[in-house]
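*Asks:* Produce the entire structure from the sequences given, and follow the hints as far as they go.
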Amino acid sequence: MKRFRTFFLATGSALFLGCAGIGPTTFLHETFDFGFVETVAVIPFENLSSDQGAGYRATRFFVTELLAAEAFDVVEPGEVARALEKQGLVRVAELTEAQAVAIGKEVGAQALVLGTIGESATIRSGTSSVNVVTLVVRMVETEQGVTVWSTSHTEGGRGFWATLLGLGNRSQGEVTRRCVEKTVRTLIQ
Amino acid sequence: MIQVRRLSLLTTLLAAVAPAPSSADAGVAQGGPAARTAVLLFSNFSGTSRAPATVMPLVYRELEARGVPHLSHITLRPILRQHRIRTVRGITGPEANLLREGSQVELLLLGSCDVFLDAENPEVAISARLVDTETMRVVSAQSVAATGEDDAGLFSVGRITSLDELAGRVVARLVDDLELSFQRPQRDPSEAPLPTVAIVPLDNTSKARGAGEVVSSQLLSELLTRGFEVIEPGRVNDLFLRNGRVLRGGVDREMLARMSEAFGMDFVVTGEVETFRVGRGELETAAPSFAFGARLIAADGTLRMSHDEARDGRDSEHLFGLGRRRSLGELSRDSLKRLVRRIVEETEESVAIARRTHGSP
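Each protein sequence line maps, in turn, to chains A and B. Heads up: the first sequence begins at 1 in my numbering, then just goes up one per residue. Heads up: the second sequence begins at 1 in my numbering, then just goes up one per residue.
Hints are computed from structural coordinates only; laboratory data are not their basis. Fair warning: this is a prediction, and the values are worked out from it, not measured in the lab. Please note: incorrect hints may appear among the correct ones.
As the list claims (entries may be wrong) - Simulated DEER-style distance windows between Cβ atoms:
1. A:36 x B:302: 33 to 39 Å
2. B:161 x A:50: 38 to 44 Å
3. B:244 x A:126: 50 to 56 Å
4. A:87 x B:61: 54 to 60 Å
5. A:129 x B:346: 35 to 41 Å
6. B:93 x A:123: 51 to 57 Å
7. A:126 x B:194: 56 to 62 Å
8. A:87 x B:302: 20 to 26 Å
9. A:52 x B:323: 29 to 35 Å
10. A:71 x B:173: 44 to 50 Å
11. A:71 x B:244: 35 to 41 Å
12. A:129 x B:225: 37 to 43 Å
Said to hold, decoys possible - Computed list of lysine to any residue pairs in SDA-like fashion (alpha-carbon distance at most 25 Å, straight line):
13. A:105 x B:244
14. B:207 x A:123
15. B:207 x A:48
16. B:337 x A:69
17. A:86 x B:239
18. A:86 x B:243
19. A:105 x A:56
Note that the Cβ used here is the ideal one computed from N, Cα and C, for glycine as well.
*Replies:* Written as structure tokens, this is what we have:
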């Protein structure tokens, strides 16, 4: 009986731990007053993965999540694109302090959100496959160009019940959305 | 007395059994004569080159059956060539003016073949809109889509395997839906103004050619159906061109100000189409998929709403394949309906204020 109990406990723990993902790693500026930020501009995310369109997708989801959180006003992406064009920027994930300040002034935002899709892929193992997305996002205030929030998060894998019962996989879009949702939650509770 | 009662009973029975007047009889005939309409060649976003050649004669057949006086795109060709008028992205005010004066037409019928798939389960999706040549108002717009499997009953009875037959049905439905609009509507000037929306065509990041235009046309139909006034896409396109801007998935403050000045619109809708894919493979398992994002921007540049959605034809499937969406056009329309419902909720307050200002109840 004792052996059975140990076996079930060990199996249960292995399953539970095996399905748990890595939580986000977050930096939050200790002295920065986020109440000062009324409007943010989301700069199109850089895509380092081979999944074409992953950057667009994540940027879009990020704008939606920010608006849904009702914490900030968000600058229309068309306006952001024009400001970037005016600055002659191609690589938008790395801005100098001066560029961040200039773009902030141009679009009337107190902070810029920059991000990178580190991974957006389908990992196959035998007959099963899992969609994984890794997102690194940071917020730069536009007075001095200082990073005030930064977070990285990986979302993917099947949930506990999906693994246990062999249920269907989540689509790449769904995984991206969850990843963005959890990322935004580290900034806006 | 008994004979009289029998007679009246018989008359009542006959009245109940007699077929109701068809929409064709009821439509144009009831509201007066139809306006003279110029039909422009439908744009082809389907990727099948023969789509317009199949669809256009069907459109003319349906218009003739309903007694709508019209000019065909072939008749209009000399005047279009003479003035170098291209209508792929809509029509501008001066172009419509030229057509009105040159051929005395009151309405223009513009459209597009969105999906035209010759497969085991054929699929057709067509969008069309009517534009008043004098006011440049989009009077009516409809998007209709169907697959051969849509009406299949028990043992596949009613299933359509011929693409031409399916196209005929889709065009008939489209013209049916547009029918009443062939009479030029007269608006009461005391009527409260409708909220006006300009659509900046959605950016297309999908693999389907023209998906941005297709979804934008469907969005136009949905917005009109829900009571919005929509600016003719040709006018928006022309304004962007004249300002040397790319008309895709976004708008900056400067263009927004110019649009406000030119059209006096209340909102702009734009976004991206990420997936626009017809169902492929086995008939039993094939399902279309659609993913898009859209934003509602107020005339002052405020981003009012953002909406993301990804759908698969199997999402609403119940037991035995019931509820499964087979048509991509229907699937995208469902999603756009949800988007427009959110837009209505979001703009309700602004509309109420506008109505109060205008003095309507």
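*Asks:* Look at each hint and say if it fits the structure.
*Replies:* Structure-based check of all given hints:
no., hint, in the structure
1, A:36 x B:302: 33 to 39 Å, "violated (20 Å)"
2, B:161 x A:50: 38 to 44 Å, "holds (40 Å)"
3, B:244 x A:126: 50 to 56 Å, "holds (54 Å)"
4, A:87 x B:61: 54 to 60 Å, "holds (56 Å)"
5, A:129 x B:346: 35 to 41 Å, "holds (38 Å)"
6, B:93 x A:123: 51 to 57 Å, "holds (55 Å)"
7, A:126 x B:194: 56 to 62 Å, "holds (58 Å)"
8, A:87 x B:302: 20 to 26 Å, "holds (23 Å)"
9, A:52 x B:323: 29 to 35 Å, "holds (32 Å)"
10, A:71 x B:173: 44 to 50 Å, "holds (46 Å)"
11, A:71 x B:244: 35 to 41 Å, "holds (36 Å)"
12, A:129 x B:225: 37 to 43 Å, "holds (41 Å)"
13, A:105 x B:244, "holds (24 Å)"
14, B:207 x A:123, "holds (23 Å)"
15, B:207 x A:48, "holds (20 Å)"
16, B:337 x A:69, "holds (23 Å)"
17, A:86 x B:239, "holds (20 Å)"
18, A:86 x B:243, "holds (15 Å)"
19, A:105 x A:56, "holds (24 Å)"
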